[in-house]
Amino acid sequence: MQSEKQTNSLSKFLSSLKQFIEWIDPILVPLLAILTSMIVGGIIIKSVGGDPILAYKGLLEGSFGSAELGPVKSQRAISETAVWATPYIFAGLAVALAFKGGLFNIGAEGQLALGAVFSSLIGYALPGWLGVDLPTIIHLPLAILGGLVMGGIWAGIVGALKAYTGGHEVINTIMMNYIALNSTSFLLNGVMKDPSPTNVIARTPLVAESARFAPIFEGLRVHWGFVLALFTAVFIWWLLNKTTLGFEVRTVGANPDAAHYAGVNVKRTIFLTMFISGALAGMAGAIEVTGLNYRHELGFSQGYGFDAIAIALLGKSHPIGVVLASILFAAMRNGATRMQFLTQMPVDLISMIQAFILLFVAADAIVRFIFRIKSKGERVVLTRGWGG
Amino acid sequence: MDWKRFGFIAIIIVVLFGGVVAIGQVQQRPLLIVTSMLATTIAVATPLTLGALSGVFCERAGVVNIGIEGMMLASAFFGWLAAVYMFHVFEYPTGVSITAGALFAVITGMLMALLHAVLSITFKVDQIIGGTVINILAVGLTGFLNRQMFFGKGSVFEGSIPNSPGVLRAIHIPITEILSPLCGANSPLCVENIAAINRVFDQKPIALSAILLVFISHYVLFNTRWGLRTRAVGEHPKAADTVGINVIKMRYANVLIGGALAGLAGAYFTIESVPSFEPLLTNGRGFISLAAMIFGNWTPIGAWAAALVFGASSALQINMQIFRAVIPPQLAFLQQSYIVGLVPYILTMIILTGIIGKTTPPAADGVPYDK
Numbered sequence: 065m066q067s068e069k070q071t072n073s074l075s076k077f078l079s080s081l082k083q084f085i086e087w088i089d090p091i092l093v094p095l096l097a098i099l100t101s102m103i104v105g106g107i108i109i110k111s112v113g114g115d116p117i118l119a120y121k122g123l124l125e126g127s128f129g130s131a132e133l134g135p136v137k138s139q140r141a142i143s144e145t146a147v148w149a150t151p152y153i154f155a156g157l158a159v160a161l162a163f164k165g166g167l168f169n170i171g172a173e174g175q176l177a178l179g180a181v182f183s184s185l186i187g188y189a190l191p192g193w194l195g196v197d198l199p200t201i202i203h204l205p206l207a208i209l210g211g212l213v214m215g216g217i218w219a220g221i222v223g224a225l226k227a228y229t230g231g232h233e234v235i236n237t238i239m240m241n242y243i244a245l246n247s248t249s250f251l252l253n254g255v256m257k258d259p260s261p262t263n264v265i266a267r268t269p270l271v272a273e274s275a276r277f278a279p280i281f282e283g284l285r286v287h288w289g290f291v292l293a294l295f296t297a298v299f300i301w302w303l304l305n306k307t308t309l310g311f312e313v314r315t316v317g318a319n320p321d322a323a324h325y326a327g328v329n330v331k332r333t334i335f336l337t338m339f340i341s342g343a344l345a346g347m348a349g350a351i352e353v354t355g356l357n358y359r360h361e362l363g364f365s366q367g368y369g370f371d372a373i374a375i376a377l378l379g380k381s382h383p384i385g386v387v388l389a390s391i392l393f394a395a396m397r398n399g400a401t402r403m404q405f406l407t408q409m410p411v412d413l414i415s416m417i418q419a420f421i422l423l424f425v426a427a428d429a430i431v432r433f434i435f436r437i438k439s440k441g442e443r444v445v446l447t448r449g450w451g452g
Numbered sequence: 077m078d079w080k081r082f083g084f085i086a087i088i089i090v091v092l093f094g095g096v097v098a099i100g101q102v103q104q105r106p107l108l109i110v111t112s113m114l115a116t117t118i119a120v121a122t123p124l125t126l127g128a129l130s131g132v133f134c135e136r137a138g139v140v141n142i143g144i145e146g147m148m149l150a151s152a153f154f155g156w157l158a159a160v161y162m163f164h165v166f167e168y169p170t171g172v173s174i175t176a177g178a179l180f181a182v183i184t185g186m187l188m189a190l191l192h193a194v195l196s197i198t199f200k201v202d203q204i205i206g207g208t209v210i211n212i213l214a215v216g217l218t219g220f221l222n223r224q225m226f227f228g229k230g231s232v233f234e235g236s237i238p239n240s241p242g243v244l245r246a247i248h249i250p251i252t253e254i255l256s257p258l259c260g261a262n263s264p265l266c267v268e269n270i271a272a273i274n275r276v277f278d279q280k281p282i283a284l285s286a287i288l289l290v291f292i293s294h295y296v297l298f299n300t301r302w303g304l305r306t307r308a309v310g311e312h313p314k315a316a317d318t319v320g321i322n323v324i325k326m327r328y329a330n331v332l333i334g335g336a337l338a339g340l341a342g343a344y345f346t347i348e349s350v351p352s353f354e355p356l357l358t359n360g361r362g363f364i365s366l367a368a369m370i371f372g373n374w375t376p377i378g379a380w381a382a383a384l385v386f387g388a389s390s391a392l393q394i395n396m397q398i399f400r401a402v403i404p405p406q407l408a409f410l411q412q413s414y415i416v417g418l419v420p421y422i423l424t425m426i427i428l429t430g431i432i433g434k435t436t437p438p439a440a441d442g443v444p445y446d447k
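In order, the protein sequence lines correspond to chains A and B.
Residue numbers for the first sequence follow the numbering used here, so the first one is 65 and each next one is one higher.
Residue numbers for the second sequence follow the numbering used here, so the first one is 77 and each next one is one higher.
Keep in mind that the hints were calculated from the coordinates and are not lab data.
Note that beta-carbon positions come from the ideal geometry of N, C-alpha and C, so glycine has one too.
Among the hints, a few may not be true.
What the hints assert, rightly or not - Coverage of chain A stretches by chain B, computed from C-beta distances (three or more under 8 Å per stretch; other residues unrestricted):
{"#": "1", "region": "310-316"}
{"#": "2", "region": "418-426"}
Stated by the list, open to error - Each pair of labels, with its calculated beta carbon distance range:
{"#": "3", "chain 1": "A", "residue 1": "Pro199", "chain 2": "B", "residue 2": "Val194", "range": "53 to 61 Å"}
{"#": "4", "chain 1": "B", "residue 1": "Arg301", "chain 2": "A", "residue 2": "Pro90", "range": "46 to 54 Å"}
{"#": "5", "chain 1": "A", "residue 1": "Ile107", "chain 2": "B", "residue 2": "Ala315", "range": "18 to 26 Å"}
{"#": "6", "chain 1": "A", "residue 1": "Val104", "chain 2": "B", "residue 2": "Ile251", "range": "26 to 34 Å"}
{"#": "7", "chain 1": "B", "residue 1": "Phe298", "chain 2": "A", "residue 2": "Val298", "range": "51 to 59 Å"}
{"#": "8", "chain 1": "B", "residue 1": "Ile292", "chain 2": "A", "residue 2": "Gly363", "range": "34 to 42 Å"}
{"#": "9", "chain 1": "A", "residue 1": "Trp302", "chain 2": "B", "residue 2": "Leu288", "range": "39 to 47 Å"}
{"#": "10", "chain 1": "B", "residue 1": "Val319", "chain 2": "A", "residue 2": "Gly363", "range": "50 to 58 Å"}
{"#": "11", "chain 1": "B", "residue 1": "Val319", "chain 2": "A", "residue 2": "Ile384", "range": "30 to 38 Å"}
{"#": "12", "chain 1": "A", "residue 1": "Glu273", "chain 2": "B", "residue 2": "Phe409", "range": "46 to 54 Å"}
{"#": "13", "chain 1": "B", "residue 1": "Leu265", "chain 2": "A", "residue 2": "Asn357", "range": "54 to 62 Å"}
Unchecked claim - In silico DSS-like links for lysine-lysine, alpha-carbon gap of 25 Å or less:
{"#": "14", "chain 1": "A", "residue 1": "Lys306", "chain 2": "A", "residue 2": "Lys82"}
{"#": "15", "chain 1": "B", "residue 1": "Lys447", "chain 2": "B", "residue 2": "Lys200"}
{"#": "16", "chain 1": "B", "residue 1": "Lys434", "chain 2": "B", "residue 2": "Lys80"}
{"#": "17", "chain 1": "B", "residue 1": "Lys314", "chain 2": "B", "residue 2": "Lys200"}
{"#": "18", "chain 1": "A", "residue 1": "Lys306", "chain 2": "A", "residue 2": "Lys257"}
{"#": "19", "chain 1": "B", "residue 1": "Lys200", "chain 2": "B", "residue 2": "Lys325"}
{"#": "20", "chain 1": "A", "residue 1": "Lys438", "chain 2": "B", "residue 2": "Lys80"}
{"#": "21", "chain 1": "B", "residue 1": "Lys434", "chain 2": "A", "residue 2": "Lys331"}
{"#": "22", "chain 1": "B", "residue 1": "Lys200", "chain 2": "A", "residue 2": "Lys380"}
{"#": "23", "chain 1": "B", "residue 1": "Lys447", "chain 2": "A", "residue 2": "Lys438"}
{"#": "24", "chain 1": "A", "residue 1": "Lys137", "chain 2": "A", "residue 2": "Lys257"}
{"#": "25", "chain 1": "A", "residue 1": "Lys438", "chain 2": "A", "residue 2": "Lys76"}
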């Protein structure tokens, strides 16, 4: 009797454990991927003569603060993490949305840069063109819209090429990246260069006061763009899951042939997916300009595009996952300074840990192999042949 | 390779060369301009050619490789690092250090390729994501080590980047010596012309081996049993498997060959071109090689021709600098790298639309093989 009761409660425990594992399964692999990368990172730190525990302590303190740092510095640490996270969320959503539509947008970098350029242009030049001072309520949205539309067009070109000629979006977004970066250099060294006599840097003039986001808290850099980013994530979730367009995007992503037979206009959907994706990346640039830097400077956006891919994959292309992954990446970037201060480990270490995270998330088979987790047999397939 | 495509390539190269000759002829003789541009074109096209060959081997065996960029970057760094280490720490002579550097670059390329192979063949990760992993990893790895090795705690170089042992020297092919006696006694112009033509052929070792490798690859892919098997696993792995070809083994081997070629391309940057490394120095040339591969319709010779087009557009921009004084003001933009630098990118996008002839990838390109 006693033993039967025991086995009963044991099997109950086991079944609830199984339920828990099933519930946690979607985020289990990303979590284990992060853990594995941290361990690999720790081994690297150790092998070059550093102290991994101290390094990770610095990373954590630098990004979320601690009692040791005191309230003022801790507040600033959290604020800076949110500042870093803002463009990551937009760019991560851009890549994630494209993934949902079966497209790989490697060009977030270029779309972001051009978005920033055009947002700055509207920010500093529009009042002069119109000859009136615009109120913030009109000027700020216009500046953001400028970046959004420009990013959208930039990616939309690639979408149209994919839809109507079959030119592969991976190569085309990479090419558009270089075209964008070259054009940005051209503009920022030429017509859009800050004309103030002391300036020697390739950067635009400051945008007008009316095209700037206010900080959320006085004295901290975190601005309302962060809140907008969170709302955008919710909006994209709604768009993907509750609207016809979202359904079409997902159907084309899952199986373009089936979508075609079901009456979806596949070409239009591919174009729209790329356009919205680019618009989100362009917004990342626009928000950086209107919320943080108040201008665009050459070379500030290096690396956002690739980080965004890692974020989208880590967040499993789910808007909430993207927000969480963005905060993680932002925390790492932000905390790296304190880590360097405590252990003299170069900040570039973070890029390497992030590369490992991407590696283990992308190759979830490796993580499943290490931790002996069964696969459900889902597989991302993006490669559908190059060229025409 | 169809004639339409070769014709297009020939027209673009003629236009690019013709433009420079038209502008520069008031200052220099056309023959000298053409030979100098040809020499630059071949040198600049070297990493693109090797990168494209790397892509051809991988993709002919059915593995998409967008990690060429990362393989090149990592090889450029580790090749350079090895050369510097051999020279400064182990105090080997210059020649040995540089050669070891080149060898190390090739090995690095193969190791990166091995990672790509494990990801895409064994673990069946989406091959584009696998390639992206390689690219991001290479940026992080080289950025971190570049700082850690030279400025980190306990670095043997104590916080400064040492001089590299130098770069590979050009190999002189004695055309002038053989042909100039034919010129006769008093025709210095004839000797000068021959010397100018000779300069086109006096390339550095990696540039010369790239050209050799184009023809070797062509022969291997289309005239040997190995090539037939490679193409079989890229076109129809199931059929290949049925007749007893080991698909997995063939794919691994070809991806590793591709890695070695990308590694040699990486060596070009730090062992042959300039004796230094800077983060992100490959600057997208891995991706352009991919475009060259597609434009060349997955054939070595076609890919080489496409790489030469991209090389010629760089040569145009470099040579325009020489004619700064005589360039008409309305064409002065041709000297700016951000304008002429766009040519390869825009050309690539036009190529991908398929206007200039349809490209056909291997049928099983990018598809993991399930038994």
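Going down the list of hints, with the structure as the test:
1. Chain B is given as covering the region 310-316 of chain A, and this is violated because 0 residues of the stretch bring a CB closer than 8 Å to a CB of that chain, at least three being needed.
2. With 6 residues bearing a CB less than 8 Å from a CB of chain B, the region 418-426 of chain A meets the requirement of three and the coverage assertion stands.
3. Between A:Pro199 and B:Val194, the C-beta spacing of about 58 Å keeps the proposed range 53 to 61 Å intact.
4. Range check, B:Arg301 to A:Pro90: about 47 Å between beta-carbon atoms, so the 46 to 54 Å window is met.
5. A:Ile107 and B:Ala315 have their C-beta atoms about 44 Å apart, which leaves the hinted 18 to 26 Å range violated.
6. Distance hint check for A:Val104 and B:Ile251: the Cβ-Cβ separation is about 54 Å, which falls outside the suggested range of 26 to 34 Å.
7. The hinted window of 51 to 59 Å between B:Phe298 and A:Val298 holds, with their beta carbons roughly 56 Å apart.
8. Checked against the hint of 34 to 42 Å, the pair B:Ile292 and A:Gly363 passes, with Cβ atoms roughly 41 Å apart.
9. Remark: the range hint 39 to 47 Å for A:Trp302 to B:Leu288 is contradicted by a beta-carbon distance near 59 Å.
10. B:Val319 and A:Gly363 have their C-beta atoms about 54 Å apart, which keeps the hinted 50 to 58 Å range intact.
11. The beta-carbon spacing between B:Val319 and A:Ile384, approximately 50 Å, falls outside the hinted interval of 30 to 38 Å.
12. With their beta carbons about 36 Å apart, A:Glu273 and B:Phe409 fall outside the hinted range of 46 to 54 Å.
13. For B:Leu265 and A:Asn357, the hinted distance range of 54 to 62 Å is satisfied, since their beta carbons lie about 60 Å from each other.
14. In summary, the hint linking A:Lys306 to A:Lys82 is not supported, as the alpha carbons are separated by about 31 Å, beyond the 25 Å threshold.
15. Distance restraint check for B:Lys447 and B:Lys200: the Cα-Cα separation of roughly 12 Å lies within the 25 Å cut-off, and the hinted pair is therefore satisfied.
16. For the hint linking B:Lys434 to B:Lys80, the alpha-carbon distance of about 10 Å falls within 25 Å, and the restraint holds.
17. Pair hint B:Lys314 plus B:Lys200 holds up; C-alpha atoms about 16 Å apart against a cutoff of 25 Å.
18. Between A:Lys306 and A:Lys257 the CA atoms are separated by roughly 44 Å; this puts the pair beyond 25 Å, and the hint is violated.
19. Taking the CA atoms of B:Lys200 and B:Lys325, the gap is near 14 Å; set against the 25 Å cutoff, the hint holds.
20. Of the supplied pair hints, the one linking A:Lys438 and B:Lys80 is violated, its CA atoms being roughly 52 Å apart against a limit of 25 Å.
21. For a cut-off of 25 Å, the pair hint linking B:Lys434 to A:Lys331 stands: about 20 Å separates their Cα positions.
22. For the given pair, B:Lys200 sits about 18 Å from A:Lys380 by alpha-carbon distance, which is consistent with the 25 Å threshold.
23. Between the alpha carbons of B:Lys447 and A:Lys438 the distance comes to roughly 20 Å, so the proposed pair stays at or under 25 Å and holds.
24. Pair hint A:Lys137 plus A:Lys257 does not hold up; C-alpha atoms about 35 Å apart against a cutoff of 25 Å.
25. For the suggested pair A:Lys438 and A:Lys76, the alpha carbons sit about 21 Å apart, so the restraint of at most 25 Å is met.
In summary, the structure is inconsistent with hints 1, 5, 6, 9, 11, 12, 14, 18, 20 and 24 from the numbered list given earlier, while agreeing with the others.
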